[in-house]
Each structure stands twice: as C-alpha cells, then as structure tokens.
Amino acid sequence: AQSVTQPDIHITVSEGASLELRCNYSYGATPYLFWYVQSPGQGLQLLLKYFSGDTLVQGIKGFEAEFKRSQSSFNLRKPSVHWSDAAEYFCAVAYGSSGGSYIPTFGRGTSLIVHP
Amino acid sequence: NAGVTQTPKFQVLKTGQSMTLQCAQDMNHNSMYWYRQDPGMGLRLIYYSASEGTTDKGEVPNGYNVSRLNKREFSLRLESAAPSQTSVYFCASSGQNNQPQHFGDGTRLSIL
Chain A
1 AQSVTQPDIH ITVSEGASLE LRCNYSYGAT PYLFWYVQSP GQGLQLLLKY FSGDTLVQGI
61 KGFEAEFKRS QSSFNLRKPS VHWSDAAEYF CAVAYGSSGG SYIPTFGRGT SLIVHP
Chain B
1 NAGVTQTPKF QVLKTGQSMT LQCAQDMNHN SMYWYRQDPG MGLRLIYYSA SEGTTDKGEV
61 PNGYNVSRLN KREFSLRLES AAPSQTSVYF CASSGQNNQP QHFGDGTRLS IL
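Protein sequences appear in the order of chains A and B. Residues in the first sequence are numbered from 1 upward in steps of one, following the working numbering. Residues in the second sequence are numbered from 1 upward in steps of one, following the working numbering.
Pair ranges (Cβ atoms, derived):
(1) Gln71/A - Ser110/B: 39 to 45 Å
(2) Ser110/B - Ser70/A: 43 to 49 Å
(3) Leu56/A - Arg44/B: 26 to 32 Å
(4) Ala29/A - Leu112/B: 40 to 46 Å
Distance condition first, Cα-Cα at most 20 Å in a straight line; then the derived SDA-like pairs of lysine to any residue:
(5) Lys57/B - Tyr95/A
(6) Lys9/B - Gln42/A
(7) Lys49/A - Gln99/B
(8) Lys9/B - Ser39/A
(9) Lys57/B - Ile103/A
(10) Lys9/B - Gln38/A
(11) Lys57/B - Ser3/A
(12) Lys49/A - His102/B
(13) Lys49/A - Gly3/B
(14) Lys9/B - Gly41/A
(15) Lys57/B - Gln2/A
(16) Lys9/B - Pro40/A
(17) Lys49/A - Gly42/B
(18) Lys71/B - Tyr102/A
(19) Lys71/B - Ile103/A
(20) Lys61/A - His102/B
(21) Lys49/A - Gly95/B
(22) Lys68/A - Gln2/A
(23) Lys9/B - Gln45/A
(24) Lys49/A - Tyr25/A
(25) Lys57/B - Tyr102/A
Hints listed in this document are in silico derivations from the structure and should not be mistaken for laboratory results. Please read these numbers as outputs of a predicted model, since none were measured by experiment. Don't be surprised by glycine CBs; every beta carbon is placed ideally from N, CA and C.
Starting from the given sequences, assemble the full structure and let the hints guide the process.
Structure, rendered in structure tokens:
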C-alpha cells in the first residue's frame, strides 16, 4: 500500500529565511505527487503537482518542489519565507487507476511557524 | 466562484443522532471524496465516488454511508453519531486524468 511520510511535525523559521519541507513516499511505481497548504479554518489549496517530465516543479506563492526518484522524495522549498506562509502543509501521493480516477494518500502534515 | 461547497459549516450533535453532510461541486468533475481530518492524523479517506452511480469505501468507512445523488452532489451520512466521529470533514472533487483535488472549506462536527 502506498504511504507518505512527512518527518517533521513542526518547523519554525524566521521571516526571510529559506524553507525546506520533507516528504517521502513508498511504492514501486512512479507516483503523482502533490503539495497542499491549509490555512487555519480553511480547506486545502493545491501548491504544486508532479505528474511527469521535469523533476523540478514550480508552484504558486513562490514554492517549488523537486522529485528525486532515487530517494523517493518530493521536498517542498521556498527561498524566502513570508509571515503569511505560516500554515499546515500536506504532501500527497497517488497512482493512476484504469478507471481514470485516483485515490491520494496524504501525509500527516507539517506545521510551519514563521517568526518575525 | 466555482468550487466545492459544503453545508453546514458547523454542527453539534448528541450521541445517537443522525445527520447528513452535503457537498456539491460545479466543476463538472467525475470523482468526489469525503475525508475526515483529526489532529496529527492528516486526512483520512472515508468514501469516494469515482463517477456518478459508483461509491467505494476508503480507509475509515465504519459508521458512515454515502450517496452520489448526481454528478454534482455527494452526501455523507452518520446514522448514529458517536463521540469518536467528532472531526472536521472535507469534501473534495477531481476531474479526469488524475487532476488534483479541489477541496471544500470543511464541516466542523462535534458530537457530545
């Protein structure tokens, strides 16, 4: 069964510092990979996705992520964090099915705290 | 705005009461999903519907039932609510070709 690990429950950074959130997945095939962000009291918003092709993907709000097959990782990065980036971040992995739908599995989330 | 709409946003129930959570999407998506979110647990899939007329169990289906009423609507029913079902419930939808999910804003449900 597919699984997703986000090793860090909480990450604290200073505003303006760089950020990397870790995500590892386990399965044999090449997955579809996603990062979502959740602000307090809100639903999840897609930051970026990887389906195929270039392993470095750009997303919204200045985020990027790199797919590394050899490490089964899809880490999220941002060069300079803003206070408004404080939120919960979820990594998700999915595999295509013959019916065209897919069932993502979500990690447990990483809470980002930004200090002024 | 286009998207996923969940009703109600908040609800308090007593143990043993029943309730239906409503979800509707206006993006013409084929697939719809119900998740629950508990602290430290991420999102866990309750049920999903790959297309109109089909539903399947997810990771945590016990105590829930679903109905895919039409392509737009996917409801979640608690027949006899239990305190362990206190959670935040999210509905999501996705289109074809493994496109990302779009999420509603959630229903915060407390069962006393």
